[in-house]
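Chains as they are written, first to last, in this note's numbering: chain A, 471 to 762; chain B, 172 to 581; chain C, 40 to 687.
Bear in mind the hints are in silico, worked out from the structure with no lab data behind them.
Using N, Cα and C, we set each Cβ at its ideal position, and we do this for glycine too.
Among these hints, one or two may not hold up.
[Unchecked claim] Stretches of chain C that chain A covers, calculated by requiring three or more beta carbons in the stretch to come under 8 angstroms of a beta carbon on chain A: (1) 44-57; (2) 280-289; (3) 369-381.
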Amino acid sequence: MDFSLIAQMVVSGAFMGLVYALIAYGFQLTYATSKSINFGQGELVMVSAFFSLTLTDWGLPYWLMVPGGLLFGAAMGLVVERAAVRLALEQKSEGWILLSIILGLLFFSTAENIWGRDDRPFPTPIPADAFKFLGVDITPLEVSVAVGVLSIMGLIELFKRKTLLGKAFEAVSADRDAAELMGISATRTVMLSYGLSGLVAAVAGILVSPITTVGPTMASALILKAFSVAVVAGLDSGFGVVLVGIFLGALESLASFYLGSGWREAPGLVLLIMALAIRPTGIFGQAAIRKV
Amino acid sequence: MKKTLLAAALFGLVVGSALAADTVKIAITGPFSGGSAPMGASMRDGAKLAIAEINAAGGIDVGGKKMKFEVIERDDEAKNDRGALIGQELAAMGDLSGVIGSVNTGVVLAGDKYLQEKGITKIITPAAGSASMTQWSKAATPDVSIFRFAAHDGIQAAMVVEEAINRKFTKVAILADSTNYGVSGRDDLLDQIKKQGGKLEVVSTEKFNIGDKDMTAQLLKAKSAGAQAILIWGIGPELAAVANGMAKIGMKDPLIGGWPLSMSNFIDNAGKNGDGTLMPQTFIEEPITPKAKAFIEAYHKTYNATRIPSPVSAAQGYDAVLLFAAAVKQAKSTDTHKIKEALEDLKDPVAGVITVWRHPFSKWNPTDEQTHEAFRRDQVVMGMVQDGHVVFANDADRTRLTKAAGGKGK
Amino acid sequence: MKGNWKRFFLVRGAEVAGLALLAAVPLAVTNPFALGLLTLLAIYGILLIGLDVTVGYLGQVNLGHAAFLGIGAYTAGLTVTTLGGGMPIALVLAPALCFILGGLLALPALRLEGPQFALATLSFSALATTIINEWESLTQGAQGLQVPRPPIFGVALDAPDFYWLCLALLALVWMTMRNLLASRWGRAFEALRDSPIATDAMGVGTYRHKVIAFALGSSLGGLAGGLYAFNFQYLQPQSFTYELMVILLLGVVLGGRKSLWGAFVGAAFIVLLPNLLSNRLLFQIFSAIGLTAAVFAAGRGLAKKTTQPFQALAPVVAMGLLVGGSLLVANTEDWRKAIFALMLFSVVVGLPEGIMGFAAQLLTRLFRIAPPSLPAPASLESVLPAWPATGEPLLELKHLKRHFGGVHAVDGISLTVRAGHVHGLIGPNGSGKSTAVNVISGLYAPSGGEVLLHGKALPEGSLFKVAGHGVARTFQNLQLFGELSAIDNVMVALKDVFRVPLPLILLGLADAEEQRARAAALALLDLVGLRDKARARAKDLTYGAQRFLEIARALARKPELLILDEPAAGLAHPDAAELVKIIRRVHDLGVTIILIEHHMDVVSELCDVVTVLDGGKIIAEGPPDTVKRNPKVIEAYLGAVVEEEKAA
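Based on the sequences and whatever the hints tell you, model everything.
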């Protein structure tokens, strides 16, 4: 088979995979403090993208729109925490699974009605014309995705490791009650993690929208793959998601080429089920010890 | 409590139907949400424009009594199962005079059988998939109450192939979506290529699903097989993804395909990558005749638009209502069976936006579904996307239609 | 007894009356639309009963159920179109295939809880839809599959006939599920939801039951799918999506979990929902009712302090949004998903037991239906075998080791527990007592050494297998089946009592056995003094009662060796005294007991031998009095005596 064709598929797939990795990273942030993830994270990506689009429609230049979108994403993350997660955490139940699904649905419907059901193009100052790099067509847009994903992840990792607040993340996750006794507000820490997760979702939305257009259903395609990446890498694996994301993106691209575009989802789904079956804590995750 | 709810619903239906005795009750159904929405919404809006104009003038003269239109709307969301439910619901309404609408061939296939069972008159517009009508001729159904008011894919595929041949292409790729529309369109294309002398070699046949955003795989295969043009059958958002994908991998080949390429969501999402795309159209949004001008202006004003999202759907919706009203008047009744008979034999010409309609339908002949098809080849022109609008691809067509505004019918 | 009959008539009577009413509808109403809705109601009823098995009884969020509806539908459809079979065979193949696939899916999913389980089912659902969509040569893909409705045994089915078929199947499913869920299977499902660890330890294989529960629920989804195919006669992959799944969850939660009526009410709601939404007035009335109910409940909850502010107010806000929306929005259809979301939100937060859960409480109070009366307890001797107290070695540990990375929790322990003894195991915190016991009972596999029972090696690393060898235990941190009643907790663990095979259970022929089991369980509850609390929910019991309940439950295993892990932890003095009496009684029956304890008085009173651990090793062993005075033991607990202080 034509090698440059394969390379092309792999490279464009890998870039998309970085977006999955970024969304998966958002899952990790909330999992780190509360062992919970937002099942409606895809809708958060979508709503933040739409909001950013509106900011642009109102005349804001791109570089002002971005922080606006990020703030909105963070705010929505806080909404998710308050409405869907806090009650369940306090009751030590897993009701947040259903509640975050519900909230996602609410966001979806609201977005449909506010912004319409059609896909809209997302403006970006980054040129979309491809250039050749080592025989493969790459667009500056795709490069911006890579830059955006890696920098935001790097920034947040720095925050987690170097600041006291970051340590609080781990404390609350390990033992909520003990952390509270040490003077760490578990609730505030969880809020912070959800806010960050929402911010990350907004970044993902802004990065991916110029490539895929913005629409109410944009998230549903992304989210399952992000789940796959998160679970296969491990929900506490940090940068492991990047590797798995790139791998999955490339695999998808090849699958759609060789098997047909309808099968593009399949590798991610099969990997997810296999990972859950064989190693639920993920490739890079740490196995938990049961205590009675 | 659930039983009470059911009883209340039934009660509502009964009371509702009793109150509607003095109106011509008509249902408008189509996708008002989802990827096909511009077509559905435009069709509905065009139809309602006609209805509003008729009602404002007092209504239709039904055997001496003036009756206004009463409209029921149903959103099928382009989903086949919704189509089935809506079909069942409408078929159960005792006093429905007729149905206008449907954009998606799959929805038509799922739902029309319930209407046909009860002999309820339906004018399908703008759904173009051949199967919508051939399903009745294939089953040799003796009497059919379903009509189609759109350029069906038999015509469109022929035009697309013709256009490709005229532009001297020899190798083409066919891209089609996986729905009934896409699959039957692809089959129509292959059929037409054979019929027109086999001058085109199909180097690659690919499919895509509704919702797909990344067509790189299919396009790379087409490119590496040497395609000079892409013949495509699909709906707006996915078509835009194809146009953008082509630009990304440096394919400058023209895109020629089915009429949804004129939809606003294709044009807007493809941007400059959509310029030069060609598709058959029954109506171009240009004020080339007085009637067209009036229609366009009324649409813009009523719906606060600078551009009709799907001009073909809007114009067809409008004209379909005019035909229906003419049939009601001729039948002197709101009874759907009598309206069907009148529609099969419209005696007076109807001055529509698209053209003057003279006897568009005739009595159903099970061996020839063209009896219930209104459009013929010479009412359809090639449109082209340019700078965010759809314009005449060939100036000759514009001249012809302007002249024909008073003259030709069928 | 009279109470039992009253309850029987009211409950069964309601079921029969409901069925008769539904069956009579086609005779009175000819509107095909209404009949279509009722047919759909029967189909969704079956579907939701199946979903309730995982969501209600197993307590997991199952996101794959819509896929099984689709798989069942396509199986039935293809059986008729491709295989040329008739409707009966199609309606057998559809649930059968879904049972198998459900079981296969459960194999990886079985290890998972919570979000991972939800994700696994979600992936499966997406995968199934993809396969159905892409395998065009088989399923016609996105174009859809036309399904004819073949006559059954030569009789063509028109709309009322098909409706009666669906209704009959619903009644059949209802009856069999009711019998199943009231039997030991239902208890097992609930037990493994509340504590999978304890379920395994009590000899009820979590693995087996989880897989079967999921497979069963999926097969019901498949049956519903088959009927769905013959109802709509047109299938396409896009119908069985995530949006449908959310609606199904809405139905189950709104109707009420763990309840057949709840599934039915939920199904009715789902079926009538589109009509509710398209008629604005109806919707406004409905949301107004909802808002009033939410405000009322909030007021009551806040006043009585039974609900916290968020739980009370959030449904009010959600319902308020619904009412506001119903008045303001142009088109309620456009907001359909938001409406579902708001309704589901209100129910999950404000009415977690669903409409039927709430109604059931109301009705039992209204009609004063007492819970069914319990039989007299069986005699203890008939329940618990007496073991000969021979003093022979029963359990032997040989150089047992268990390491966790660098931590040597158990570091080479060898000891012998003799039959009929109470063998104490003491030591400071972190000395390895619980770890040792966890290895013995099978929670952990040893890192080295052996565990022998009657000279033969015990299975390693499997609570379930060890439980099958006559070893039972309690837990340091209680692992009760919280939502089950005390008597049900004990009944889950009862050994050698349940012999009626599954098919007979489904037919409802296991009542006599259940009564015997209840009598046996009562005997054990009597032993620990909890007989009058038999029907109380385990999580509602006092802490002391909960500790005793765990012991009764462990005894239901008729163990030869009983391991008690800190049974007196946190007990006040009177309860601790009671505990001593109970342990004595158990000891008198010849049961060998390993007792981990910190209460030295309890240890002294009960134990024949005491082994002392420190840092994973044995530092002393012997009768309690000797061990108490051993200086090494004192040092381990209290620390070394400093020379300077002595001098001062």
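Item to check | Given coverage of the segment 369-381 of chain C by chain A, checked by CB-CB distance under 8 angstroms (3 or more) | outcome: holds (count 9)
Checklist entry - Does the segment 280-289 of chain C contain three or more residues whose Cβ lies closer than 8 angstroms to a Cβ of chain A? => result holds (count 3)
Checklist entry - Within the segment 44-57 of chain C, is the number of residues with a Cβ closer than 8 angstroms to a Cβ of chain A three or more? => result Result for this restraint: violated, n = 0.
Hint 1 alone, counting from the list given before, is not met by this structure.
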